[in-house]
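Using the sequences and the accompanying hints, generate a full structural model.
So the chains spell out like this:
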Amino acid sequence: MPGSKPPNERVVSTYCYQCVAGPDLLTVRIQDGVATEINPNFAAAAIHPGGGKACVKAFGLVQKSYSPNRVLYPMKRTNPKKGRHEDPGFVRISWDEALDLVADKLKAARAAGLTDAGGFPRLAASFGGGGTPTAYMGTLPAFLSAWGPVDLSFGSGQGVKCTHSEHLYGELWHRAFTVCPDTPLCDYVLSFGANVEASGGVCGVKRHADARNRGMKRVQIEPHLSVTGACSAEWIAIKPKTDSAFLFAMIHVLLHEHAREKLDLPFLKLRTSSPYLIGPGGFFLRDPASQKPLVIDLKSQRALPFDTPDIDPALEGTFTVDGIEVGADQDTITHKAVAARPAFAHLVAHVKTYTPEWAAAICDVPAADIRRVTNEFLAHACVGETIEIEGMTLPFRPVAIAFGKTVNNGWGGYECCWARTLIPCLVGALDVPGGTLGTTVRLNRPADNRWSSVTPGPDGFMHYPMNPTSKEEWISRPTARSAHRTLVPLVANSAWSQALGPTHLAWMMQKEDFKNLPHAPPPDVWLVYRTNPAISFWDTKAVGETMAKFPFTVCFALTRDETNHVADVLLPDCTDLEGLQLLRIGGTKYIEQFWDHQGFALRDPAVPPQGEAMDFTWIATELARRTGLLEEYNTAINRGGADVKLKGDNYDFSLDVTKVHSVEEIWDAACRAASAEITNGAETQGLDWFRANGFRVKPFSRLMWYLYPKLVEQGLRFEQPYQERLLRVGKELERRLHEHGITWWDKQLAEYEALPHWRDLNGLWEDALAKHFKVEIADYPFWLVTSRSMQYSWGNNVAGQLIKEVADNVMGHGSVVMNESAAEKLGIADGDQVEVRSPLNSTKGKVMLREGIRPDTLLIIGQFDHWVTPYAKDFNAPSMNALVPMLLDLTDATGSSADLVKVKITRLAGAT
Amino acid sequence: MTRWAMVADLERCVGCQTCTAACRHANATSPAVQWRKVLDVEAGSFPNVKRTFVPVGCQHCADPPCMHVCPTTATRQRADGIVTIDYDICIGCAYCDVACPYQARFKITKEDFAYDAGAMQNEIEREDPARLGVAQKCTFCSDRIDFGIEHGLPPGSDPRATPACVNSCIADALHFGDVEDPNSNVSKLLRAHKSFQMHAELGTAPGFHYLYDKAAAAPAPDAPPAVSDAQAGRIRTRGVEPWHQKHWDWKASGNFLCGGAGTGLFAFTSIAGLSGSAIMVPGLAALALIACGLTLLMFKIGRPLRFIYVLRQPQRSWMSREAWVAGLLFPLALFALWTGHPMVLLAAALVALLFLFCQGMILEQSKGIPAWRNPRVIALIMATGFAEGCGLFLLLAALLPDLGAVARPMALALVVLAATRAWTWRRYFNSLVSDSVPTRTLEIFTACRGWFFAGGLVLPVVLVAVGLVLPAADAALFALAGLSVFATGWAIKFILITRAAFNQGFALPHTPIRGAGLPGPAVKPGWTLP
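Chain order of the listed sequences is D and F. Going by this note's numbering, the first sequence opens with residue 1, and the numbers climb by one from there. Going by this note's numbering, the second sequence opens with residue 1, and the numbers climb by one from there.
It is worth saying that the hints were derived from the structure and are not from the lab. Just to be clear, a hint being listed does not mean it is correct.
[What the hints assert, rightly or not] Computed cross-link-like contacts, DMTMM-like style, restricted to lysine to aspartate or glutamate with a CA-CA straight-line distance of at most 25 Å: (1) F/246 / D/830; (2) D/336 / D/376; (3) F/194 / D/234; (4) F/214 / D/376; (5) F/214 / D/234; (6) F/194 / D/210; (7) D/107 / D/632; (8) D/541 / D/307; (9) D/904 / D/889; (10) D/81 / D/830; (11) D/647 / D/683; (12) D/731 / D/746; (13) F/110 / D/874; (14) F/251 / F/80; (15) D/107 / D/86; (16) F/188 / F/80; (17) F/110 / D/830; (18) D/471 / D/734; (19) D/873 / F/116; (20) D/659 / D/210; (21) F/246 / D/808; (22) D/873 / F/86; (23) F/214 / D/316; (24) D/710 / D/734; (25) F/188 / D/734; (26) F/110 / F/86; (27) D/846 / D/835.
In structure tokens, the structure reads:
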């Protein structure tokens, strides 16, 4: 216990970043050199939004280190045959042999050319957990940077387990790779399946509890009553994947059932494209001279460029104007005296038929409820009110809409994200205090600061780094096996883009060529760290079979698992409590991670590594040395490969690029640079200081939580409601693809609409399944959905006894959750063994009956189905991953799909 | 005066189990030994469903039933309200387990590790053999509190002086402090909120308070009383409804079976002795039976070598009193059998009855088991003990000619005792029905009614009646009647101690608001309606 340490005890500060809602700062109690307890880091209480607390997953770290199931020595495969039913025959080898084995393969790949004949990188790598492995992989990013092109597109869950649509559209519209309410100020949240109490981490849980205590109303709209639904004021049991209809009906209510004055008209006029006139061709009507979009100035009754000072732009009405439209590939149409309406007027007409009564039939939610919550949302929006933040007066709009992942990926993600961004715009609540915020950028650059990523783009909007779609620049030859830059303009080209492309395409391309795309052979070398795609992706059977064909796979292994079952080499790296690393913390990051501070925290080894596990930085350095890339590797570290640039304006701790540096030398330099960065060069304390203090921060302006002030400063607008840019990009992409004979992406191209129409997503899913599997879809009457578990999600915790023990206290873990009445009709009783079968595959487990789930829905929490992972393989828990097919028909334009499939459920005879 | 207490804000709790894990770390408890955990309670019918998370553990009651029953003084209460267990004194009898209405106590008899492969380094480091075979439970992390007080660190606000669960709570739902201090954090929270204590109707005055609404909020309209499944709609929970207690098994029940029948037998043996019968054999058989029961108990307790500590608390514990009475009974009874002196026999018989009364009181003091704590259980235990003893006597009388002389009056006594027992059973059963009791308990007892009536009353009465009119077969018929009374008595007691012994479970008089709206209805799953 802190403060009463006997001589044989010490306390080590470190962090847990096992999930995207971290990092949590914590301390480890060490007794006689053994880690025994995880505790919060109360020294960080004042600077961490979660009060220095650590989430339940962190308490599994002790068992993670000492687990008898760990891989403790480098191993190599002796059975050249790979597959589920092949014993790998792993035998212990020395680190020297293991690293030489890997380095030889890498050198051979490099000698053959960094990319293969099709232009695909010969080296591939897959990392899990929404980017969190970088908090544990030391300087591996520097090695990858030194290497050159790496294919990161073999997904391990991306696109189906993430809020994918939000990542792409969110970044486009408000630099919002992740989106959340401004919980500290928000009073009313409509949460469409956002399971923040399970996946919002310590900050999210604390902030929402604070918000509840002060009276915030959260309405949870989801097919089953999640832990977040449990903590909400109200649960609305919506039919799966019908959220877009609910949201469209909300827009209808706001635009057709309330006086305009109740909306934030100044916001709409000045901070959105609502007044922009739309030409007959569907593109903005532009000033022929400046090519700027035109608006109607109500003062002068003239059509003027949108940025003309001192005008009062019209939102509605039909006007006769001259102008040009610039379509795809700069195709220009000149109009004379053409009738045109502002984008807002188009929007009003667009949603006219989307009434609550219309939506009620789709969502299976009473129209009165849709109308009521919309009216409550409007009433709580405080349109016209302001608040002072750090001396600046800003709009105060304490209403927000949040999405869970199945709302937010796959088909329908566009419609939902559009509506979720538009509705706040209607009341002026986008990225202002109290409203719906973006919290980080991953596709725009620089990624460490949302404000810096805001630069002027076309038409008064922010710049967005679309992948090119012009005839000259379109990337016809994919740079990764997901073809992300070829197919998805929105996914951009940052370090994260590959992993956000249609990652299932990378797997699918290993089975079949896609017409007129180059053949994609497997990578020469595949590195895998903190991920287990053989369990965590969709159609896990197919993924498992595919990876078994990869010629050389290197897995950094905590325990044996289903993916490293097909590895050629297993490398044991230090666990979270054993390795050394400095991590950037604070500022604004995923989900609810927006802090009043920013800086760095040290992951100080609490205990020595078990067996021959090695620090990841040592492994990366050795790989660099053995592959002849030491100089490039050290250079990459100097550039910031260890999360901080080692040379700044007034400091220089650069490493000698010609030498091999020890792990401690590297991180000491990083610590010194971090100290200098934080203190503007005034202080340069190194590793010892961080070891003694754990973390170092400086204030982070709360103004930077909000994008609005930055847009105002730059005179920019949110790109809502009319998606002229997307429309153009879609048409250009269509032309490029068709020019290259690619028509298999046509369905996705239909998503590029300026004002999205409602799609029958239930029908889309049912038709796709029926078509591909030639089944009678009526035989599969249930929608199977999943839900995040705070205890298990991310972090490779499935083999932890403590994690399982405490997770079992939460309803639904390890079971198929089913509605009582629905079960009664099928003669299924609580605890019965059942089979859940989709058209693709089946899973088995015991059923748990609940009232907190729709009768047409089944729920399976988490991802299990392990058959190698020690401990977990004995769970006999059901898992939906094997049941969800990878189908192009179920892939949206952003390259994602949703954790959703139709299933039937059968009681297994004689089993209870 | 300081009174440490825990306050759980149900509006804030998200059921994440971080406190559960932190407690496991801080106290190095074995797998599945969760001194602190969070219940997940779902009640209602689709789509009107409410799900609530409820942290539970030792409630550190002001009037702790566990302490009252503890025969060894291992369980004590500090002046600041914290209920403690002295592992060096506890004999592991698990009486406290069945006395606790909060299911807060645990007992493990052998080391248990996270993985089958054996102890990990951290488990070896924290291993505490003193906790094997004894009762264990939440201590409110009293070592931290004591450390804090010693060093001037206020418990509840300084993490070094605050329970691990409170420190770890990521929702800040758990709070700890002195409820006697009006300026403490917990006192302020209790003033600002509406709160309840769980099972307050049992009079335990828990030191654990649950906040469920703002104090200033208008009262919820007609907050209903604790409700059953039928009223609240279906209720799905994890470990909330009463479950079958496992602390006292067939070995523990053996003491009630053998002790009850044995004392009854000794009483009737004494009566026969007063009339001049040779009673050495039945007397010794009675004592052997009682000793057998006590021996079975020895196999049940976690620390049998400390059994003598059972005598430490006669001032409070009926188990301790039973042990003292047993200590008096055996020499006195042997002396009585040896001398045959009527007064000594009478005295020994009275001590035997006192032993039987102790058994009734042991059950009645078990507040954690609704079927036991019913006051009418005492009469039932007494009545069946007498009846079984009389039945056994008649069985022996058929084998021992010396006892034949008193068989007829004993058979008549058996009829009276069987009828009395049936009456006490009926009163007991009706009391369970008219009060509220775990549904499963009532179901199990309801299933017993037929055979208990037939075998425990009708059949013996018929057999005795036939025996009275058929003197040639009377010994055998009386013996069969006795056997029937004896067997049904053992059966019903076995069921009472084991199968029907469902614990209190958990209940919520209110479910909390969640940011807005009104508190929800009460939830008390697995109970019959009163």
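Hints versus structure:
The suggested pairing of residue 246 of chain F with residue 830 of chain D holds, with an alpha-carbon distance near 23 Å, which does not exceed 25 Å. The straight-line distance between the Cα atoms of residue 336 of chain D and residue 376 of chain D is roughly 45 Å, outside the 25 Å bound, and the hint therefore fails. At roughly 21 Å between alpha-carbon atoms, residue 194 of chain F and residue 234 of chain D fall within 25 Å of each other, so this suggested pair holds. This hinted pair checks out: residue 214 of chain F and residue 376 of chain D have alpha carbons roughly 22 Å apart, not beyond 25 Å.
Proposed proximity of residue 214 of chain F and residue 234 of chain D is supported: the alpha carbons are some 18 Å apart, at most 25 Å. The hinted pair formed by residue 194 of chain F and residue 210 of chain D meets the criterion: a straight-line CA distance of about 17 Å does not exceed 25 Å. For the hint linking residue 107 of chain D to residue 632 of chain D, the alpha-carbon distance of about 15 Å falls within 25 Å, and the restraint holds. Using a Cα cut-off of 25 Å, the hinted pair residue 541 of chain D and residue 307 of chain D is violated, with the two alpha carbons roughly 55 Å apart.
Proposed proximity of residue 904 of chain D and residue 889 of chain D is supported: the alpha carbons are some 21 Å apart, at most 25 Å. Under the criterion of a C-alpha separation no larger than 25 Å, the hint pairing residue 81 of chain D with residue 830 of chain D is inconsistent with the structure, at around 43 Å. Among the hinted pairs, residue 647 of chain D with residue 683 of chain D is consistent with the structure: their alpha-carbon atoms are about 14 Å apart, no more than 25 Å. Among the hinted pairs, residue 731 of chain D with residue 746 of chain D is consistent with the structure: their alpha-carbon atoms are about 11 Å apart, no more than 25 Å.
About 23 Å separates the Cα atoms of residue 110 of chain F and residue 874 of chain D, which keeps this hinted pair within 25 Å; it holds. A C-alpha spacing of about 37 Å is found between residue 251 of chain F and residue 80 of chain F, which places the hinted pair above 25 Å, so the restraint is violated. Distance hint between residue 107 of chain D and residue 86 of chain D is unfulfilled; the C-alpha atoms sit about 28 Å from each other, more than 25 Å. Of the supplied pair hints, the one linking residue 188 of chain F and residue 80 of chain F holds, its CA atoms being roughly 19 Å apart against a limit of 25 Å.
For the given pair, residue 110 of chain F sits about 32 Å from residue 830 of chain D by alpha-carbon distance, which is inconsistent with the 25 Å threshold. With a C-alpha separation of about 11 Å, the suggested pairing of residue 471 of chain D with residue 734 of chain D holds against the 25 Å cut-off. Annotation: proposed proximity of residue 873 of chain D to residue 116 of chain F holds, straight-line Cα distance about 14 Å (limit 25 Å). A threshold of 25 Å between alpha carbons decides the hint, and for residue 659 of chain D with residue 210 of chain D the separation of about 52 Å lies outside it, so the pair is violated.
Distance check on the hinted pair: residue 246 of chain F and residue 808 of chain D sit about 20 Å apart at the alpha-carbon level, within 25 Å; holds. Under the criterion of a C-alpha separation no larger than 25 Å, the hint pairing residue 873 of chain D with residue 86 of chain F is inconsistent with the structure, at around 40 Å. Distance hint between residue 214 of chain F and residue 316 of chain D is unfulfilled; the C-alpha atoms sit about 46 Å from each other, more than 25 Å. Among the hinted pairs, residue 710 of chain D with residue 734 of chain D is inconsistent with the structure: their alpha-carbon atoms are about 34 Å apart, more than 25 Å.
The suggested pairing of residue 188 of chain F with residue 734 of chain D is violated, with an alpha-carbon distance near 65 Å, which exceeds 25 Å. Our distance criterion of 25 Å between C-alpha atoms is met by residue 110 of chain F and residue 86 of chain F, whose separation comes to about 18 Å. A threshold of 25 Å between alpha carbons decides the hint, and for residue 846 of chain D with residue 835 of chain D the separation of about 9 Å falls inside it, so the pair holds.
In terms of the numbered hints stated before, the structure departs from hints 2, 8, 10, 14, 15, 17, 20, 22, 23, 24 and 25, listed from lowest to highest.
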